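> The chain contents come next:
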Amino acid sequence: MSATMTNTGAAGHSAPHDHGHHDKTSTVIFGFWIFLMSDLIAFSLMIANYADAEWHGIANGPSPHELFSLGLPTIETMALLISTFTFGLCTLGMKYGASMKRTVGWLVLTLALGAIFLGIELYEFHEFWTEGNTPQVSGFLTAYYSLVGLHGLHVTSGIIWGIILMVQMKHFGMNDLLKSRLVRLGLFWHMLDIVWIALFTKVYLMGVLS
Amino acid sequence: MSHINSDKGMDSGEYKHAMARYVWGFALSVVLTLAGVVIAGGGVFGASLAWSIVGILAIAQLVIQFWAFMHVDLSQDARPDLYLVMFTFVIIILMAAGTVWVLADLASRMGMGAGGMTGM
Numbered sequence: 241m242s243a244t245m246t247n248t249g250a251a252g253h254s255a256p257h258d259h260g261h262h263d264k265t266s267t268v269i270f271g272f273w274i275f276l277m278s279d280l281i282a283f284s285l286m287i288a289n290y291a292d293a294e295w296h297g298i299a300n301g302p303s304p305h306e307l308f309s310l311g312l313p314t315i316e317t318m319a320l321l322i323s324t325f326t327f328g329l330c331t332l333g334m335k336y337g338a339s340m341k342r343t344v345g346w347l348v349l350t351l352a353l354g355a356i357f358l359g360i361e362l363y364e365f366h367e368f369w370t371e372g373n374t375p376q377v378s379g380f381l382t383a384y385y386s387l388v389g390l391h392g393l394h395v396t397s398g399i400i401w402g403i404i405l406m407v408q409m410k411h412f413g414m415n416d417l418l419k420s421r422l423v424r425l426g427l428f429w430h431m432l433d434i435v436w437i438a439l440f441t442k443v444y445l446m447g448v449l450s
Numbered sequence: 256m257s258h259i260n261s262d263k264g265m266d267s268g269e270y271k272h273a274m275a276r277y278v279w280g281f282a283l284s285v286v287l288t289l290a291g292v293v294i295a296g297g298g299v300f301g302a303s304l305a306w307s308i309v310g311i312l313a314i315a316q317l318v319i320q321f322w323a324f325m326h327v328d329l330s331q332d333a334r335p336d337l338y339l340v341m342f343t344f345v346i347i348i349l350m351a352a353g354t355v356w357v358l359a360d361l362a363s364r365m366g367m368g369a370g371g372m373t374g375m
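Chains as they are written, first to last, in the numbering used here: chain A, 241 to 450; chain B, 256 to 375.
FYI, nobody ran anything at the bench for these hints, they're computed from the structure.
One thing to keep in mind: the hints can contain errors.
Claimed, not checked - Pairwise CB distance ranges, derived in the manner of DEER restraints: (1) B/L361 / A/S303: 27 to 33 Å; (2) A/Q408 / B/V286: 33 to 39 Å; (3) B/G353 / A/A299: 23 to 29 Å; (4) B/V299 / A/F412: 52 to 58 Å.
Note that the structure is a prediction, hence the values are computed from the model and not measured.
All C-beta atoms in this analysis are idealised placements derived from N, C-alpha and C, irrespective of residue type, glycine included.
Using the sequences and the accompanying hints, generate a full structural model.
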C-alpha cells in the first residue's frame, strides 16, 4: 500500500487528502477487474460448450454454415467496435477535465451504438426463430442462443447501467464517485467487445468455414 | 495510479498521447476485423488454413484491445491488472480446452466419431 501511495505522490498530487482517495478508487477499480475476469471465464466455458455442440450436436437441425451469413454480423461487430472506441473517448476526456456535456454526449452515442448492435442481434434471432430454427431443434442451436444471448444480456445491462449513470449525473453533477462508476462501466463495455471478438470469430467466421 | 482524474487538461501532450493509443487500437481492430471477414468469406484460402488465420487475427485483436482500451501493458501501474489477466487466461485455457477435450473424447466413445455426426 505504501508503495502505491509513494507512486501517487510522485505523480504530482500535492494534497495528502487526495492520496487516500485515489488509493480507494484504485482498489475499487481493481476489485471490478476481478469481477470482469471471472465473467470472462464464464464466457470462455460457454464458448467451450458451444464448440462441442457445434461439433457433435447438429442432430437434425442446420449446421453453422447453413445458418450463418457474414453480412449482418459484420455490421453488428462494427457497431460494437465503434462503441468501445467512443466509450474510450468519453472516459479519456472525463479524466482530463472535459465538460459534463461532452462526456454525456459520447456516452449517449456509445449506448445508441450498443442498442443498434442489440437490434441486429434480436433481428437475427427472430429470423432464425421464424424459419423454425428454435433452441430445442438441436444442441448446436441451444448453445448458439445461450452464448450469443448471454452476451446480449450483458450489453442490455450495460445500456441500463449507462442510463442510470446519466440520471445520477443530472441529479448530483459530476463528482469523483460518478467518475469512478463511469470508468468501471467503461471497463465492462470494453470487456464486452473483447468477448465479442471471440464470439464473432468462433460462431460466425469459423461457422461459415465449417 | 489515478484512473479518474488528471492534473492536465485536454490540450496537454499527455492527453494527446493517451488519445493516440485509443485511435491506434480502434484502427487496428477495424483492419483485423475486416481482414477476418474477407478471409472467412472470400474463399481465397482453403477452409483449414482460413480457420487458422482468423483464429490468429482474433488473438491479435484481443491483445490489442487489452492494451489500447483496458490499459494493460508492461508498466508498473498496470502490473496487477496484467498478472490478473495472465492468471485468468491460464484458467481459461485449462478449463475451456479441458472441457472441449473431455466432451470430444466422450463423443468419440459414444460412436459419434471425432468429426461429428455429419458422416452418418
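> Taking each numbered hint in turn, which are not upheld by the structure, reported in ascending numerical order?
1
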